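Chains A and B, in that order, are what the protein sequence lines are.
Counting in the working numbering, the final residue of the first sequence is number 314, and the numbers go up one at a time with none missing.
Counting in the working numbering, the final residue of the second sequence is number 417, and the numbers go up one at a time with none missing.
Read the hints as simulated data drawn from the structure, not as lab findings.
Among these hints, one or two may not hold up.
[Stated by the list, open to error] Listed next, the in silico BS3-like pairs over lysine-lysine satisfying Cα-Cα at most 25 Å (straight line):
(1) 70/A x 3/B
(2) 289/A x 250/A
(3) 155/A x 183/A
(4) 70/A x 128/A
(5) 128/A x 13/B
(6) 155/A x 141/A
(7) 183/A x 141/A
(8) 134/A x 70/A
(9) 8/A x 250/A
(10) 134/A x 155/A
(11) 13/B x 141/A
(12) 3/B x 13/B
(13) 70/A x 8/A
(14) 3/B x 153/A
(15) 134/A x 13/B
(16) 2/B x 153/A
(17) 153/A x 183/A
(18) 155/A x 179/A
(19) 155/A x 3/B
All figures in this text were calculated on a predicted structure; none of them were measured in a lab.
Residues per chain are reported as follows:
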Amino acid sequence: MPPILEVKELVKKYGDFTAVNRVSFDIQEGEIFSLLGPNGAGKTTTISILSTLYSPNGGEAYIAGHSVTKEPMAVRNIIGVVPQDLALYEDLTARENLAFWGRMYGLAGRTLETRINEVLEQIGLSDKARQRVKTYSGGMKRRVNIGVGLLHKPKVLFMDEPTVGIDPQSRRAILDSVKDLNKTGMTVLYTTHYMEEAAELSDRVGIIDHGELIALGTQAELTQQVGKDETLILHIGADEDAEALAKSLKDIPGVLQANATDHEVTVIAHQAEEILAPVVGRANERGIKIHSLDIREPNLEAVFLHLTGRALRD
Amino acid sequence: MKKTFLIGFKDLKLIFRDRAALTFMLLAPFLLTLGMGFVTGALSGGSTNGIEQIPLLIVNQDDGQLGLALVELFESEELADLALPTTVADPEAARLAVDADEAAAAIIIPAGFSNSIIPQAGQDSTGAVVQLEIYKNPTRPVSAGVLQSILEEFISRVETGRIGGEVVLTHLLTSGLITPDQIPELAAEMGQEQASAAWEQPAISLNAGESGETSQAFNIMAYMAPGMALLFLMFTVSNGGRSILAEQARGTLPRLLISPTGSAQILIGKIFGVYLTGVAQMLILIVTGSLLFDIQWGDPLGVLALILAAVFGATGWGLLITALARTPGQVSNVGTAIMLTFGILGGTFVNMTMLPPYFLWLSKITPNAWGLDGFTILARGGSLLELGAPMLGLFVMGTVLFLVALVFFNRRSMAQK
Numbered sequence: 001m002p003p004i005l006e007v008k009e010l011v012k013k014y015g016d017f018t019a020v021n022r023v024s025f026d027i028q029e030g031e032i033f034s035l036l037g038p039n040g041a042g043k044t045t046t047i048s049i050l051s052t053l054y055s056p057n058g059g060e061a062y063i064a065g066h067s068v069t070k071e072p073m074a075v076r077n078i079i080g081v082v083p084q085d086l087a088l089y090e091d092l093t094a095r096e097n098l099a100f101w102g103r104m105y106g107l108a109g110r111t112l113e114t115r116i117n118e119v120l121e122q123i124g125l126s127d128k129a130r131q132r133v134k135t136y137s138g139g140m141k142r143r144v145n146i147g148v149g150l151l152h153k154p155k156v157l158f159m160d161e162p163t164v165g166i167d168p169q170s171r172r173a174i175l176d177s178v179k180d181l182n183k184t185g186m187t188v189l190y191t192t193h194y195m196e197e198a199a200e201l202s203d204r205v206g207i208i209d210h211g212e213l214i215a216l217g218t219q220a221e222l223t224q225q226v227g228k229d230e231t232l233i234l235h236i237g238a239d240e241d242a243e244a245l246a247k248s249l250k251d252i253p254g255v256l257q258a259n260a261t262d263h264e265v266t267v268i269a270h271q272a273e274e275i276l277a278p279v280v281g282r283a284n285e286r287g288i289k290i291h292s293l294d295i296r297e298p299n300l301e302a303v304f305l306h307l308t309g310r311a312l313r314d
Numbered sequence: 001m002k003k004t005f006l007i008g009f010k011d012l013k014l015i016f017r018d019r020a021a022l023t024f025m026l027l028a029p030f031l032l033t034l035g036m037g038f039v040t041g042a043l044s045g046g047s048t049n050g051i052e053q054i055p056l057l058i059v060n061q062d063d064g065q066l067g068l069a070l071v072e073l074f075e076s077e078e079l080a081d082l083a084l085p086t087t088v089a090d091p092e093a094a095r096l097a098v099d100a101d102e103a104a105a106a107i108i109i110p111a112g113f114s115n116s117i118i119p120q121a122g123q124d125s126t127g128a129v130v131q132l133e134i135y136k137n138p139t140r141p142v143s144a145g146v147l148q149s150i151l152e153e154f155i156s157r158v159e160t161g162r163i164g165g166e167v168v169l170t171h172l173l174t175s176g177l178i179t180p181d182q183i184p185e186l187a188a189e190m191g192q193e194q195a196s197a198a199w200e201q202p203a204i205s206l207n208a209g210e211s212g213e214t215s216q217a218f219n220i221m222a223y224m225a226p227g228m229a230l231l232f233l234m235f236t237v238s239n240g241g242r243s244i245l246a247e248q249a250r251g252t253l254p255r256l257l258i259s260p261t262g263s264a265q266i267l268i269g270k271i272f273g274v275y276l277t278g279v280a281q282m283l284i285l286i287v288t289g290s291l292l293f294d295i296q297w298g299d300p301l302g303v304l305a306l307i308l309a310a311v312f313g314a315t316g317w318g319l320l321i322t323a324l325a326r327t328p329g330q331v332s333n334v335g336t337a338i339m340l341t342f343g344i345l346g347g348t349f350v351n352m353t354m355l356p357p358y359f360l361w362l363s364k365i366t367p368n369a370w371g372l373d374g375f376t377i378l379a380r381g382g383s384l385l386e387l388g389a390p391m392l393g394l395f396v397m398g399t400v401l402f403l404v405a406l407v408f409f410n411r412r413s414m415a416q417k
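Please work from the sequences and hints to get the whole structure.
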């Protein structure tokens, strides 16, 4: 079966800066595919090209066989987009927003009314549908933002970091709704810089950094790249020199990598337990107090660290 | 097409839910008109003329018919509600009283005024015409302006009569119907008739229609209210233009662009929304003006056509500002500056006849000037058919500005955040 979405050697440049550099991947119908990468990696630009907002400088993409550059209208009819930033009219109610956007997608009359009610039910805002959006909490606004993308029952749904800046409860609701949508057969392209979200939702993950797709596969396939290596995360104080500590750990036998982030030092080792004592010793020698530490099994974070030498939050 | 209307009506709905915008669009022009109404005295009594009982000093040093006719004109029953004349003997005393704000103006009729226009028997008719003087109070520009208008109307009629008389007498003389020695006597008789005719008709009334059976008094509020409405119309259109950039910034414009809606449909829909808002604002202000200030705007069809044309011209400016600006803040700043500049240039704050002639020429770049011209024509009893020049001016302005603005708009600039 041909993929519902094919991306071939996509390039997008802004002057001398290359935002997307020869990115290629495809998504099968009914799949949840995540693009995982830090801020500024090129995730939003990729989605903007696929949703026909920007034209690429090179390469091509097809959605359900339609070229995004040559048949933009056909593409727009079959995709739904949930942008990263809220794109709603805050002085309209949720119902009015849904009605307006539904009409922009050609819905009208009873069909529109039915879909509005279904979507309101789906996003859990039926009882507050007549309140102006500006009176909603951040999480509620996010849900309306998602609802707009679902109104016309798109074949492919693009969700660009839909959980940024919201409370854990709303995040949980959104992740569950993505799974529910996928169960109805909807294909989802989901971008995030949260490793946990990509791990929980995705059938396959593409890891993107500096505009390039640096890894692609199922979670199992990707974590195999770091073997059975474990990750040890040291949480230290804000005023401690994480960089110096990371450097001092690199020559400990069994340590494969050591990197510093804000208040953390991340160490990759074959066996985390084996290096625990010398790591704590080095910290004590430098007078650095370790507040807590975590040992993690191989995961996408470790894959990213392994591939780039940086943590996802860098 | 349907989506274009949907976008336009959505914008109209949004603007009517924005309290700050509504305050500027509707409340501010209403309050300013109300304030100016009180300042000019238009709202101090029951007169529908707006201004009433303007204190006036008349110094009549002329002993002829025309001086007397002018005094009688200001003392006539027709002007009883409008002017409150007091006759004084000393011109200097009259000027001092005006300086002391005891009167809106002093009209000084110098000795020999009548004779300089209507030569008496045995008098040389080639002498220079003695000039009337109006000494105006600068703190009461509107009231003084009204008195000056009445005076100019009187002079205009006398002058018309004088020239007409000369033509008639010359014709009679060349036809051999009179002899040269009869001319002074006949001229004096005609002058007397002219003098009485000059005040028999109310000088501030204009004939409405060809029959002259109906006349419509000019209401100063009918000048101020549209001036304010047009001033704040510029705010509305620049604010509407601002909404295009605001939609870009808040992400709804990119979202529209990735819906199955053409970018031209979106842009036209946004412009339609601005236009619709401007029309709604003008209609509300005009209806409110009629109900609260008893303003007679004139031919309803003409008023409607003029509103549509004025908003078209103004929307062109709003769109151009938006096309050239990069941020909503820039549109606000430039829009406010243009609104005030156009208010001054277009005659909202000052009477254009008091400014140098090149200002009149420059004022034609503003929808305010064309719109005010149109509203003045209508308020003086003109009909839709007489609105040719203002309507054409506004239409050409709107069309040119739209085309220039569209050059600057393109899909890329709409999509970029």
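These are the hints, each one checked on the structure:
no.: 1; hint: 70/A x 3/B; result: 23 Å, holds
no.: 2; hint: 289/A x 250/A; result: 18 Å, holds
no.: 3; hint: 155/A x 183/A; result: 13 Å, holds
no.: 4; hint: 70/A x 128/A; result: 41 Å, violated
no.: 5; hint: 128/A x 13/B; result: 20 Å, holds
no.: 6; hint: 155/A x 141/A; result: 23 Å, holds
no.: 7; hint: 183/A x 141/A; result: 24 Å, holds
no.: 8; hint: 134/A x 70/A; result: 38 Å, violated
no.: 9; hint: 8/A x 250/A; result: 39 Å, violated
no.: 10; hint: 134/A x 155/A; result: 30 Å, violated
no.: 11; hint: 13/B x 141/A; result: 20 Å, holds
no.: 12; hint: 3/B x 13/B; result: 15 Å, holds
no.: 13; hint: 70/A x 8/A; result: 15 Å, holds
no.: 14; hint: 3/B x 153/A; result: 20 Å, holds
no.: 15; hint: 134/A x 13/B; result: 15 Å, holds
no.: 16; hint: 2/B x 153/A; result: 22 Å, holds
no.: 17; hint: 153/A x 183/A; result: 13 Å, holds
no.: 18; hint: 155/A x 179/A; result: 15 Å, holds
no.: 19; hint: 155/A x 3/B; result: 23 Å, holds
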